[in-house]
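Novice: Each chain, letter by letter, is given below.
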Amino acid sequence: MALGMVMFYPSTLAELEVGQHLYWQVGNLKLHGQVFLTSWFVIGLLVLVSVLATRNVQRVPSGLQNLMEYALEFIRDLAKNQIGEKEYRPWVPFVGTLFLFIFVSNWSGALVPWKLIHLPSGELAAPTNDINTTVALALLTSLAYFYAGFSNRGLGYFAKYIEPTPILLPINILEDFTKPLSLSFRLFGNILADELVVAVLVLLVPLFVPLPVMILGLFTSAIQALIFATLAAAYIGEAIEGHGGEEHE
Amino acid sequence: MIHSVWFLAVEAAEEASGGLFDLDATLPLMAVQFVLLAVILNALFYKPLGNAIDERDGYIRSNKVDAAERLAKAEQIAKAYQQELAETRRQSQAVIAAAQEEAQKLAAQSIAEAQQEAQAQREQVQRELDEQKRQAMATLEQQVDGLSRQILDKLLSAAS
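For the record, the sequence lines run as chains P and F.
With my numbering applied, the first sequence corresponds to residues 1 to 249, in that order.
With my numbering applied, the second sequence corresponds to residues 1001 to 1160, in that order.
In isolation and in its complexed conformation, chain P is listed as follows (with noise of 0.2 angstroms):
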């Protein structure tokens, strides 16, 4: 019956609730709510399939192990391979977060029927898809790699600035604002478009039809997760390396 509605009324695809958020008041400050239940969501997973794998960890791996030892291995081998043998160890964390927090957000999004549960306002969608949780994740690599700079080589890190001449200062200087902008905005603007397109789809042709986007969807969520992590390892492997200029797109 929704489903008619919305069909007769174009004007109201306000059905698909963009840019409507689940409100939550602490303090003066707004959150949005629905961000944080599927974050949450996110993060038990993560959390309980960690626990799973490590709770008996065997020098034959089987099972969970072995799969979160392949997850392991496929998030060093990103690292090492945009930051360098030498120095990827302390990132792992953090672009292996990045990268698994990302990943499941996005398939989260694409594989729970989270509209089951009904919201009084917005609706449960990947947390990837709040313009928040992007800006967040981006901020968080471009303090990760100011951090991995200044640590790495002190306040010659200014150099990379005026390098290869000072004539690039001003492009320098705006690329660190460009990173994060490009960064959160593909992520955000790749899941909301997903779903987007998925939500119209069901409105128009409930059956079948929308399944080949969807997939395209799930591999398309994959490779955000990828290119993010990979971007953010290439910027903090930059900022330690002081190559500036290349942008790895």
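Simulated from the structure, these hints should not be mistaken for laboratory data.
The structure presented is a predicted model; accordingly, all values stated were derived computationally and were not measured.
Glycine included, C-beta positions come from ideal geometry on N, C-alpha and C.
It cannot be assumed that every hint is accurate.
Chain P is nowhere near these chain F residues, computed Cβ spacing over 12 angstroms in every case [unchecked claim]:
| hint | residue |
| --- | --- |
| 1 | ASP1024 |
| 2 | ILE1053 |
| 3 | ARG1056 |
| 4 | ALA1067 |
| 5 | ALA1068 |
| 6 | GLN1109 |
| 7 | LEU1129 |
| 8 | ARG1134 |
| 9 | GLN1142 |
| 10 | GLY1146 |
Derived CB-CB ranges, DEER-like [stated by the list, open to error]:
| hint | chain 1 | residue 1 | chain 2 | residue 2 | range |
| --- | --- | --- | --- | --- | --- |
| 11 | F | ALA1067 | P | ASN81 | 29 to 35 angstroms |
| 12 | P | PRO170 | F | ASN1063 | 26 to 32 angstroms |
| 13 | P | PRO90 | F | ILE1077 | 45 to 51 angstroms |
| 14 | P | PHE74 | F | LEU1023 | 29 to 35 angstroms |
| 15 | P | VAL47 | F | ALA1067 | 37 to 43 angstroms |
Quick partial rundown of chain F residues pointing at chain P, CB under 8 angstroms, derived from the structure [claimed, not checked]:
| hint | residue |
| --- | --- |
| 16 | GLY1050 |
| 17 | ALA1052 |
| 18 | TYR1081 |
| 19 | GLN1082 |
| 20 | GLN1083 |
| 21 | LEU1085 |
For this one, chain P is given, so just place chain F on it according to the hints.
Specialist: Just chain F now, kept in the frame of chain P:
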């Protein structure tokens, strides 16, 4: 019903703080939450499994080194064995050669002895033969002398 949904949608849109790009306290809290997650996962996931992986790497590496050592040792032993084998073979060949030589020497010696004996025997037989021949010749000469004397006597008697 339709109207109520429509109304709600409009109301939501009109709400001042709604919208796609609604940045609020969710952002810092999410960041804090994420850092907490990273810390928790570091303790629960990255460290234990990372240690497990590194430990396994070490275990495999040490086992590999051990195996390589053992292989080297085995190869050395095999080499020593081969050398020993070759040595033994050479010795046995030397023994065989020595035995053959000795046998040949023995054979040659016995052949020489036999030849010497045969020679001696032949010489003795020859000597005996010669003796007999001489005796026979002497006898023959005596007979010839006797006969010639008879002939002479006969001739002389006939002539006289």
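Novice: Take the hints in turn and mark each one as holding or not.
Specialist: Structure-based check of all given hints:
1. ASP1024: violated, 5 angstroms
2. ILE1053: violated, 6 angstroms
3. ARG1056: With a cut-off of 12 angstroms, F:ARG1056 comes too close to chain P, as the shortest Cβ separation is near 6 angstroms.
4. ALA1067: holds, 17 angstroms
5. ALA1068: Non-interface label on F:ALA1068 holds, nearest chain P Cβ at 21 angstroms vs cutoff 12 angstroms.
6. GLN1109: holds, 77 angstroms
7. LEU1129: holds, 105 angstroms
8. ARG1134: Check passes; 113 angstroms lies beyond 12 angstroms.
9. GLN1142: holds, 125 angstroms
10. GLY1146: holds, 130 angstroms
11. F:ALA1067 with P:ASN81: 29 to 35 angstroms: At roughly 30 angstroms between Cβ atoms, P:ASN81 and F:ALA1067 fall inside 29 to 35 angstroms, so the hint holds.
12. P:PRO170 with F:ASN1063: 26 to 32 angstroms: violated, 57 angstroms
13. P:PRO90 with F:ILE1077: 45 to 51 angstroms: holds, 47 angstroms
14. P:PHE74 with F:LEU1023: 29 to 35 angstroms: The hinted range 29 to 35 angstroms holds for P:PHE74 and F:LEU1023, with Cβ atoms some 32 angstroms apart.
15. P:VAL47 with F:ALA1067: 37 to 43 angstroms: This hint holds: roughly 40 angstroms between Cβ atoms.
16. GLY1050: holds, 6 angstroms
17. ALA1052: holds, 5 angstroms
18. TYR1081: Given a least distance of 36 angstroms, the restraint on F:TYR1081 is violated.
19. GLN1082: It is violated, given that the least Cβ distance between F:GLN1082 and chain P is near 39 angstroms, above 8 angstroms.
20. GLN1083: Constraint on F:GLN1083 not satisfied, violated at 41 angstroms.
21. LEU1085: Check failed: Cβ of F:LEU1085 comes no nearer than 42 angstroms to chain P, outside 8 angstroms.
Checked against the numbered hints listed earlier, the structure breaks hints 1, 2, 3, 12, 18, 19, 20 and 21; every other hint is satisfied.
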